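Letter by letter, the chains look like this.
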Amino acid sequence: MSFLSKPHKDISKLSSQTISYGNKQFKIKELFTIKGSDIKNIIIQSSVDLMDNIGKELNNINITVHGNVGYAFGEQMLSGKLILHGNALDYAASGIKGGSIFIHGNSGDYTGGKTNHGNIGIVDGFLYVKGNVGNNSIERMRRGNVIIEGNIGDYACNDMISGTIIIKGKIGKFFAEGIKRGTIFTKDKKVTKEYARSNDAEYNFTKFYFKEVSDIIGKKIFLENKNLTRYCGNTNSKNLSEIFLFKL
Amino acid sequence: MIYNGIKIDNTFAEAFNMKASRIIVTADNLKWAKHACDSFTGFATSVIACGIEAGIEKKLKSSETPDNRPGYSILLFSMSRSQLEKQLEVRVGQCILTCPTTAIFSGMTGEDMIPLGKNLRYFGDGYQISKKILDRRFWRIPVMDGEFLCEESTARVPAIGGGNFLVLSTNRKSCLSACETAINSIKNQPNIITPFPGGVVRSGSKVGSKYKALIASTNDAFCPTLKSVTKSTLPSNVNCVLEIVINGLTFDDINEAIKTCIKSISKMKIKKDIVAISAGNYGGKLGQYHFHLRKVMK
Numbered sequence: 180m181s182f183l184s185k186p187h188k189d190i191s192k193l194s195s196q197t198i199s200y201g202n203k204q205f206k207i208k209e210l211f212t213i214k215g216s217d218i219k220n221i222i223i224q225s226s227v228d229l230m231d232n233i234g235k236e237l238n239n240i241n242i243t244v245h246g247n248v249g250y251a252f253g254e255q256m257l258s259g260k261l262i263l264h265g266n267a268l269d270y271a272a273s274g275i276k277g278g279s280i281f282i283h284g285n286s287g288d289y290t291g292g293k294t295n296h297g298n299i300g301i302v303d304g305f306l307y308v309k310g311n312v313g314n315n316s317i318e319r320m321r322r323g324n325v326i327i328e329g330n331i332g333d334y335a336c337n338d339m340i341s342g343t344i345i346i347k348g349k350i351g352k353f354f355a356e357g358i359k360r361g362t363i364f365t366k367d368k369k370v371t372k373e374y375a376r377s378n379d380a381e382y383n384f385t386k387f388y389f390k391e392v393s394d395i396i397g398k399k400i401f402l403e404n405k406n407l408t409r410y411c412g413n414t415n416s417k418n419l420s421e422i423f424l425f426k427l
Numbered sequence: 002m003i004y005n006g007i008k009i010d011n012t013f014a015e016a017f018n019m020k021a022s023r024i025i026v027t028a029d030n031l032k033w034a035k036h037a038c039d040s041f042t043g044f045a046t047s048v049i050a051c052g053i054e055a056g057i058e059k060k061l062k063s064s065e066t067p068d069n070r071p072g073y074s075i076l077l078f079s080m081s082r083s084q085l086e087k088q089l090e091v092r093v094g095q096c097i098l099t100c101p102t103t104a105i106f107s108g109m110t111g112e113d114m115i116p117l118g119k120n121l122r123y124f125g126d127g128y129q130i131s132k133k134i135l136d137r138r139f140w141r142i143p144v145m146d147g148e149f150l151c152e153e154s155t156a157r158v159p160a161i162g163g164g165n166f167l168v169l170s171t172n173r174k175s176c177l178s179a180c181e182t183a184i185n186s187i188k189n190q191p192n193i194i195t196p197f198p199g200g201v202v203r204s205g206s207k208v209g210s211k212y213k214a215l216i217a218s219t220n221d222a223f224c225p226t227l228k229s230v231t232k233s234t235l236p237s238n239v240n241c242v243l244e245i246v247i248n249g250l251t252f253d254d255i256n257e258a259i260k261t262c263i264k265s266i267s268k269m270k271i272k273k274d275i276v277a278i279s280a281g282n283y284g285g286k287l288g289q290y291h292f293h294l295r296k297v298m299k
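Chains R and X, in that order, are what the protein sequence lines are.
Reading the first sequence from the start, the letters are residues 180 to 427 in our numbering.
Reading the second sequence from the start, the letters are residues 2 to 299 in our numbering.
Any given hint could be a false lead.
[Claimed, not checked] Here are the computed lysine-lysine pairs in the DSBU-like style, where the Cα-Cα straight-line distance is at most 35 angstroms:
#	chain 1	residue 1	chain 2	residue 2
1	R	K390	X	K133
2	R	K260	X	K174
3	X	K60	R	K398
4	R	K309	X	K119
5	X	K133	R	K260
6	X	K188	R	K399
7	R	K359	X	K119
8	R	K366	X	K59
9	R	K276	X	K87
10	R	K390	X	K59
11	X	K188	R	K214
12	R	K352	X	K133
13	R	K309	X	K87
14	R	K366	R	K398
15	X	K174	X	K60
16	X	K32	R	K426
17	X	K133	R	K372
18	R	K347	X	K133
19	R	K366	X	K62
20	R	K309	X	K133
21	R	K398	X	K62
22	R	K398	X	K174
23	R	K359	X	K133
24	R	K426	X	K174
25	R	K347	X	K264
26	R	K399	X	K59
27	X	K60	R	K390
28	R	K399	X	K32
29	X	K62	R	K399
30	X	K133	R	K368
None of these hints come from the bench; they were simulated from the model.
The model shown is predicted, which means the values in this text are computed figures rather than measured ones.
Okay, chain R solo, but in the shape it has when bound (with noise of 0.2 angstroms):
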């Protein structure tokens, strides 16, 4: 489904576009109810087919999905808007170089990670997940913003070398091995334990990143000014990271 991501004349043409899938061929409103008239911005309705790799290397065009995906949704997206409603499989945002993702379901394993065929995260972009996310991802992450509202699994931000993140829910094991840089926002303690509790200073920067994402999103991160604690300085010298603890 990446032929979605680049530029048709119209709409009626894209619902006519014939595709393999598996050893068969389809017209894509047969798989699909595609609405609307405007092409640079596709709604796809409907979608029961779990395709994959719907907005992969997207640019300069929104798509809206209502159902299921496959894999590598919005994989190595440019620009552009994504959303879903409704849940992704595996490598779902992986190594994407900018625009938006919005998942407002469950993202599989690798999400926001290396793709399943390089060796390189998110290098920027914005990333929200209302559910939970799975193992090994936003691993190498360089630059971007990621918000999951939800769980995230074993192995999350390995390798991380920049970038903000907030995770509202629980973390798994083996949480930002060899993270270099970075900013992490958790509730989950345990993710502190090998940094040292910073100063209880003012940052202006957290104000004003909750203010951000809230508009982007569409809806207030936090229902209330979180009181945060800072930690940074880690017992691994070449992990300049830091985490803001705050309490749900």
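Chain R is already provided as a structure; the job is to place chain X on it using the hints.
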């Protein structure tokens, strides 16, 4: 033309192309945001010697700022693109960064971007942290009260400077009172500033001087004490002239501001002391914009 009892001279104000930018300064409270902004906009009355012309555009509520803290927006203008860039950076570094609790953000978008916190980040001596949200980059610079948050760049846009009008009065007290009322009437108007002290100029100038080293000198045609010794434009009963200079982002912004000012003066009880409203120009050959007072007041 008589507008609500006030004579409007048949003349025009001559204004010029400039470049402008807007920044937003926030702090823990308005008091400290104001300290920072007063410092930033100090010594920024005229590009003749100050590098830029700057002023507070308006007060911002917490809900209107990027970090939900109270603050102000500032507009700054310059004739030169490079001077605007240089002055912005220097003033942010010396006046905003230094002030307790402040943060600074871009106040406008555009294709032509200039550094705001981009080079200030080096003050962090390697401890600074970069944050990018969508297309905007910010710098967190550690300082003694916590952290200074600054956006990396802001936009530079075409603008207009030198819109003006003159208040000709029988006495200084009424003249000043009229100007104060005029300035007050536009204090919340967006996209404009009045860069001179209190918004009012007493030393209006003309191009040239008998002294070769000076590019400008006193506007003797409007000096009441020189009525008998120069080619004065003043009626015999005028004893004080004050000028209000308005810089704005567009022609319509300045037009609206001039109109609002004159309207407000026309509602005052002391308007009987106001002999006329006039304007300053250079014969119409230097400036790209003309604000004909009678057209403005129609």
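Here is what the structure says about each hint:
1. R:K390 to X:K133: 14 angstroms, holds
2. R:K260 to X:K174: Since the Cα atoms of K260 of chain R and K174 of chain X sit roughly 61 angstroms apart, the hinted pair is violated (cutoff 35 angstroms).
3. X:K60 to R:K398: Distance ~26 angstroms between K60 of chain X and K398 of chain R Cα, so the pair holds.
4. R:K309 to X:K119: 34 angstroms, holds
5. X:K133 to R:K260: 17 angstroms, holds
6. X:K188 to R:K399: 33 angstroms, holds
7. R:K359 to X:K119: 23 angstroms, holds
8. R:K366 to X:K59: 39 angstroms, violated
9. R:K276 to X:K87: 33 angstroms, holds
10. R:K390 to X:K59: 22 angstroms, holds
11. X:K188 to R:K214: Violated, at roughly 49 angstroms.
12. R:K352 to X:K133: With Cα atoms ~28 angstroms apart, K352 of chain R and K133 of chain X stay inside 35 angstroms; holds.
13. R:K309 to X:K87: 44 angstroms, violated
14. R:K366 to R:K398: Roughly 20 angstroms separates the two Cα atoms, so the pair holds.
15. X:K174 to X:K60: 29 angstroms, holds
16. X:K32 to R:K426: OK: K32 of chain X and K426 of chain R at ~32 angstroms, within 35 angstroms.
17. X:K133 to R:K372: 27 angstroms, holds
18. R:K347 to X:K133: 21 angstroms, holds
19. R:K366 to X:K62: 31 angstroms, holds
20. R:K309 to X:K133: Roughly 22 angstroms between the alpha carbons, so the hint for K309 of chain R and K133 of chain X holds.
21. R:K398 to X:K62: Holds. K398 of chain R to K62 of chain X sits at ~21 angstroms (cutoff 35 angstroms).
22. R:K398 to X:K174: Given pair K398 of chain R, K174 of chain X is violated - Cα atoms ~54 angstroms apart, limit 35 angstroms.
23. R:K359 to X:K133: Measuring from Cα to Cα gives roughly 17 angstroms; hence the hint holds.
24. R:K426 to X:K174: Since the Cα atoms of K426 of chain R and K174 of chain X sit roughly 61 angstroms apart, the hinted pair is violated (cutoff 35 angstroms).
25. R:K347 to X:K264: 56 angstroms, violated
26. R:K399 to X:K59: 27 angstroms, holds
27. X:K60 to R:K390: 20 angstroms, holds
28. R:K399 to X:K32: 28 angstroms, holds
29. X:K62 to R:K399: 19 angstroms, holds
30. X:K133 to R:K368: It holds: about 26 angstroms lies between the C-alpha atoms, which stays within 35 angstroms.
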